[in-house]
Structure formats: C-alpha cells, structure tokens
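2 protein chains.
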Amino acid sequence: MSVVVVGSVAYDGLETPHGSVDHILGGACTYIALSASYFTKAKVVAVVGDDFAKEDEQLLAGRGIDLQGLERVPGKCFYWKGVYSADMNDRTTLQTDLNVFADFHPKLPESYRSSPYLILGNIQPALQRSVREQMNGLRLSGGDTMNYWIKDYRAELLSTIHDWDFLLINDSEARMLSGEHNLKHAAAKIMDMGPRTLVIKRGEYGAVLFHRSGHFMVPGYLLEQVFDPTGAGDCFAGGFIGYLAEKGYDLKQGHVNAKELSRAVIYGSVLGSFCCEKFGPDRFRTLTRAEIDGRFNEFKACTEF
Amino acid sequence: MSVVVVGSVAYDGLETPHGSVDHILGGACTYIALSASYFTKAKVVAVVGDDFAKEDEQLLAGRGIDLQGLERVPGKCFYWKGVYSADMNDRTTLQTDLNVFADFHPKLPESYRSSPYLILGNIQPALQRSVREQMNGLRLSGGDTMNYWIKDYRAELLSTIHDWDFLLINDSEARMLSGEHNLKHAAAKIMDMGPRTLVIKRGEYGAVLFHRSGHFMVPGYLLEQVFDPTGAGDCFAGGFIGYLAEKGYDLKQGHVNAKELSRAVIYGSVLGSFCCEKFGPDRFRTLTRAEIDGRFNEFKACTEF
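Read top to bottom, the protein sequences are chains A and B. Read left to right, the first sequence gives residues 1 to 305 (our numbering). Read left to right, the second sequence gives residues 1 to 305 (our numbering).
One chain only, chain A, in its complex shape:
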C-alpha cells in the first residue's frame, strides 16, 4: 500500500575522505522515497526549483515514484554543502541555501490524501503537522526530526509528535528531547510524548526499537568501506516504512506486531548500509530488491545464536 513521503529534495556538495562531489541529488524526501520504492509505491511531497535536472527526475520516476506532489517553482533547489571527518563519524556544514525550500508549504494532491502510510522527513514541525491534517484514513504515520527543532521549536515539535505512531531519531537527539542520558529511560519518556513506537538510531552501531511490548536491538552492518554516509538515516526511514507499507501493517487493529516492526528495523538498516556504499544516492542506480533481501538474510546469519 502506498506511502506519502514529505521532505526536502535538494542538491548537495559533499567532501569526504574518498573525494568530493558537488550538486549531487540529495534531501530527506529523495532518500526516503528511493528506499521505500523497493517495497511499495512512494508518493513524494516536496518543492524543487527550475534547476532540478531531468536526469534526477528520471532516477525517481524510474523507481516508480509518484511525482505528482513534487511542486516546481522559479528559483533554485535547496542546497547543502558539508565536509566529513576522516573517520566519517562527524560532519561540518559549510553552506546551507534554503532557496525555494524557504517558502515550502506542502500541499497534498487529492490522490495522496487517502494513502494509509505517511512518513515525514525532517522539516519544520508545524509543516509536518499540516501535512498529517490533510490526510484521512491513516494506518501509520510518523517521522524524523533534528536537534534544531528540539532545541528551538520544542512546543511546536511536541504538539506535532503527539499524534505520531512512530518517531525515528538518533541517540543524541533522543537524549536532548528527553533530558535522559540512559536510552531506556529516554525511550520511556519519549513514548509518553505520543509515539508508541520509537526507533533510536546509533549510526555505525545500529539501532534500538522500543514499542509497547518491549524492545529490539540491531547492531550496525559492517561495511567493507563507508564511502559516503549522506542520506543513510533517511534510507533507514524509507526501508522501515516501506516494509511496513508492503506488509499492510495496521496499528489501528489495536495490536503491535513486534516481529514485523523488528523486521522493518532490519530493512531500515539494510537500506541505510547500501546508501553508504556510493556518493549520494548513486547506489540506487543499480540496487535490486534481491540484493536487499540478501543483506536482510546476512543480518540474520550474523546475529543468530
């Protein structure tokens, strides 16, 4: 069943220990939609400028992604430039030009409104909220946020995530949002804020899923080489929601299927790991569902005892 994906479609400048690239396709919406597209129909809601390249549109369209909600306005796409540390664990922003993204007010095409799944990439909480209000019949909705909104837009963020079924967040953000250092305590506090399913991402160390009946832990996939981690967190989100949408996962039926949520976290980890293998979204030019399922099975083999 289809999933609506909201967020940025952007151009990135990336400096990594393995080389540099500029004006490569990026943005949370891009990575989430590409990843989710291996499982289900992804419908994007985003804004691009008139510099949005035909070949980038084709990458998305080629994955069967619905672009009806991709608004085109005069001006330039959101642009972000950053440089990674030698070990790729830190990055510094060199440039951020909001461009057309500054006036982004997500409008859902009529055909999107009854989609059962919604995932909100990291944008201003009020905008995330406005999108959710335009939808009806949601089975599962949630999204991502970041330190900036947690720190400076706390009230707005809390009122937004109050209605979410799931929240995906990294460990430092979870600590900031909850005021708790211990992950179990942080998770309990965050789940009291609304989202009863919480995924805390720990970068190269994996992720922990918390839900009403317990928790599930997955270690990070050991890559031979982390080429470029840009977008890995968003690909995690895309794999997570994509798998649940493919399965027709339905929280409204009143119960948590913990095993399916765990498998969704594994698919998230799988997509995040593939994303790191090439610059930007380049890995998605060749990635197949068979490769994805292969790595899912590899996770099983490397964690079973």
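Please note that the accuracy of each hint is not assured.
Listed next, the in silico DSS-like pairs over lysine-lysine satisfying Cα-Cα at most 30 angstroms (straight line) [what the hints assert, rightly or not]: (1) 300/B with 300/A; (2) 259/B with 300/A; (3) 184/A with 278/B; (4) 81/A with 151/A; (5) 247/B with 300/A.
Per the computed footprint, the stretches of chain B lying under chain A, defined by three or more beta-carbons under 8 angstroms from a beta-carbon of chain A, are [stated by the list, open to error]: (6) 74-82; (7) 175-183; (8) 208-217.
Partial selection, computed: residues in chain A whose CB lies under 8 angstroms from chain B [said to hold, decoys possible]: (9) 41; (10) 87; (11) 184; (12) 216; (13) 217.
No wet-lab data here; the hints were simulated from the structure. We put the beta carbon where it would ideally sit given N, CA and C, even for glycine.
Position chain B against the provided structure of chain A, taking the given hints into account.
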C-alpha cells in the same frame, strides 16, 4: 573443564557519578575468574600483598575458585584509582601503585599445567608468554591486551599473540594494533597475526566476533543504570572462556563451531552487563547462574527477528 586465569588481583579506588569507593577488590584476574566460575572451575595465577583481606579471599573461594596459584608476598596489593566521566564512557587514572605486582613472575602450580583452557588477562606480553609455555595439552588459549603494550611493546606482543587461539580487544585497540580504521579490515589483519578467533569489544555498543567462517555481531545490553563499568571487559572475557570450557570446546579437533563461539560472546556480554550493576565485583556476591541464563534468553528475545 578447568580454566587457568592469569592477571592482576588488585584494590581499586573508584569515583563514579553514583558515588565513590576505595580499596574495593579489583583486577583482571579477579573479574575473569569470578565470571568464569559460573561455568567451570577457575584456577587463578596472581600475586597479592599482605593487605589482601580475608573477606576478599572468601569471595573468590566461595565461588569455588582454586587459589593454589595465588602467590602471597610481603608488601601491598596492586592499587589503581580512577574517576569516571559523567556519562561513564571515559575514565581517567588518578593513581597507579604497582606494589607487589612490579615483581610478578607467574608460576604455575603443577596441578594447573594440564588444564585445557587458559586465559591471559592484560599483563606484560612476555609474562603472558611465559605462562603459556608452562602448560601442556591446551585446547584453547588466548587473552587480552591494551594500548600500552601495543604501542611500546609491539614486537613482544606480536610474538606472544602469534600462538594464541583467540584475542579479546576493544575497538580502539584493534585499530591501533592493525593500523586500519575499518573493523573488518582491522580484524583481517589481526587474524593474520595469529589468533584465528577475534572478539572486538565496543563498550556499550556490544561486540563483534570474527572467526574463520565469518563474523557474529551482538549489540550491547541496555541496562537501566550503568552503576560502575569497572571490570566489565574482564567479565566479558570470563563469561566467554567460561562457557567454552563448560562445553569442552576444542579447537584442536580442527573445526570452528561458530554457533558455540557466538553463544560464548553472548555469555561474555551477559557477565559484562551484570558487572556494571554494582560497585566493583559486588554484583557477584548475589549473582546466580539462573540470572545469567535468564539474561542470555533476554538477549535472544531482543535480537531475534
């Protein structure tokens, strides 16, 4: 089957965010032997001074640990004092007094020499080597080391670990020893140095086991509270070798039983996690095998998908 445990038996001064304690029993040999004692007969080789308290001896003896190899000499026990950071992830040494440990030359009682299992705690590589040479009929031997020996005693260390079946090491030490940042590449280089079974510990993030037929990953157990991490790495080692000794694991039969090695890593993680629940080795005053097996099963439930 019995395991010989070599290393320090010491007194520690610990300053943590949860309080301070001084002259509490510590040392690698202590923690390894206590942990291994839940699985098999542990036989310690260590030196203590005349300040070694009767009650501490009783803690070890009460766990059925063989103290025949515990040498007693005039002077004071090895003393270490350290302070932990607020998040417990870092610690700073405040004081190190080698005392009787300065002249430690491990001598094995005759009754130890035919033990099939040997684990060498973090001491000078040449001493580790001399112990191994006093044994015969070993099924499995290996141990731990640290940055100091890797940096300043590299040749001695390499010649020592060349003969080991397994090496337990943390991630920063693995990177220092191999000169590789990527863990898979680091592991491949280290396994070429001798130990064909390698456990890379990653603190709160768990551990990765590498062996001849692949690798196994375990996330870190999520504690409600990390009270005092002192000794957790050594307890990991004790659980690891203890389980393999209990099972009669035999590398000499020429094959790796990957599942048993994985389970040994889980038992290592379990013992390491219990160790963090109280000051020093205090958790071992009440810990039972049933609690250990319970947490082993909890690991299964939290990682299966």
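Consistency of the hints with the structure:
1. 300/B with 300/A: OK: residue 300/B and residue 300/A at ~12 angstroms, within 30 angstroms.
2. 259/B with 300/A: holds, 13 angstroms
3. 184/A with 278/B: Answer holds: residue 184/A to residue 278/B is near 18 angstroms, not above 30 angstroms.
4. 81/A with 151/A: Since the Cα atoms of residue 81/A and residue 151/A sit roughly 23 angstroms apart, the hinted pair holds (cutoff 30 angstroms).
5. 247/B with 300/A: This hinted pair holds, its Cα atoms lying about 24 angstroms apart.
6. 74-82: This one is violated; 0 residues, fewer than the three required, reach chain A with a Cβ under 8 angstroms.
7. 175-183: Three-residue rule met by the region 175-183 of chain B, so holds; n is 3.
8. 208-217: holds (count 5)
9. 41: violated, 25 angstroms
10. 87: Holds: closest Cβ of chain B sits about 6 angstroms from residue 87/A, inside 8 angstroms.
11. 184: Check passed: Cβ of residue 184/A comes within 5 angstroms of chain B, closer than 8 angstroms.
12. 216: holds, 6 angstroms
13. 217: holds, 4 angstroms
Checked against the numbered hints given earlier, the structure breaks hints 6 and 9 and satisfies all the rest.
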